[in-house]
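With the sequences and hints as input, model every part of the structure.
Numbering-wise (my numbering), the sequence shown opens with residue 1 and increments by one.
There could be a bad hint or two in this list.
As the list claims (entries may be wrong) - DSSO-like, lysine-lysine: derived pairs with alpha carbons at most 27 Å apart:
#1 68 x 118
#2 118 x 146
#3 68 x 146
Stated by the list, open to error - Taking CB as the label site, the calculated pair distances span:
#4 46 x 151: 17 to 23 Å
#5 34 x 104: 29 to 35 Å
#6 84 x 149: 17 to 23 Å
#7 97 x 151: 19 to 25 Å
#8 135 x 86: 19 to 25 Å
Read the hints as simulated data drawn from the structure, not as lab findings.
These numbers were taken from a predicted model, which means no experiment stands behind them.
The C-beta atom is built at its ideal place from N, Cα and C for all residues, glycine as well.
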Amino acid sequence: MNESAKDDGLAQELRQILLAIETSGRAVLPRSNDELLQSIVEAAARIFGAAAASIALVDDAGGCLEFKVAFGAGSDQIIGMRMPIDQGIAGYVAMTGQPMATSNVQQDVRFARSTAEKTGYVPRSILAMPLVWRDRVIGVMEVLDKISAPTFGMEDMEMLALFARQAAIAINQSQQFDRLNDLFIRGIRDLIPNGDSEIARVLELSPDDDTKHDLFELADRVNAFSALGDDERQTCLKILDVFAERAKGKLGGQVNV
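Below is the structure:
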């Protein structure tokens, strides 16, 4: 692949990522994804008066659900736990894309009791809602055991759908930011000296939230530049080349210390 075609491909991918982020809005930019998801499950647990709440994400490659955030009873044990996507009430909701409420999990054959026992908390009732983004289930949100009532009602299900929508937006944006970060790393790799393992190692470090925000702002401006005329684009590229050369010099100096 020649350099021109390679650059065109990167530019097209950048535009697609920015469009996906713009489509879902920028509301979650200042906060990390896990922090926002954690605040969502905590708010849900309190509003529903539930003993616990959690969010599990679909891992398509592994064919499983991974619990990312949780609040309340058993939360410390369930975070990071993985279970096959064809098991449990959460798995059923993920596979069917349909919400589900059960007032007695002990009588529901879909309930994964062994998984619940590992957390040290076996619930009585569960309300589960799929997290859907563009007609694809990307996760499941659950609230367990409404303290003030024996089960969850229709109003609870409608309310949980609102929480699930916000969680889906946060998850989608996080995934787009990860793609954006990967895209910039691929572009920067072309600028570093061959065999410079130290600089390559630095590029592998996970960016913090401020860096992710800056990456988005930079990408947004690059995308705007791409819509200008040839003269303007060439001027922008020359400016970026100057900064790239200075950055390479600084990185090289740090490595040699």
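Each hint, compared with the structure:
1. Between residue 68 and residue 118 the alpha-carbon distance is near 16 Å, which keeps this suggested pair within the 27 Å criterion.
2. For the given pair, residue 118 sits about 21 Å from residue 146 by alpha-carbon distance, which is consistent with the 27 Å threshold.
3. Between residue 68 and residue 146 the alpha-carbon distance is near 22 Å, which keeps this suggested pair within the 27 Å criterion.
4. Look at residue 46 against residue 151: about 19 Å separates their beta carbons, and that is inside 17 to 23 Å.
5. The hinted range of 29 to 35 Å is satisfied by residue 34 and residue 104, whose Cβ atoms lie roughly 32 Å apart.
6. Checked against the hint of 17 to 23 Å, the pair residue 84 and residue 149 fails, with Cβ atoms roughly 31 Å apart.
7. Between residue 97 and residue 151 the beta carbon distance is about 22 Å. The supplied range of 19 to 25 Å therefore holds.
8. The hinted range of 19 to 25 Å is satisfied by residue 135 and residue 86, whose Cβ atoms lie roughly 20 Å apart.
Hint violations for this structure: number 6 only, all remaining hints satisfied.
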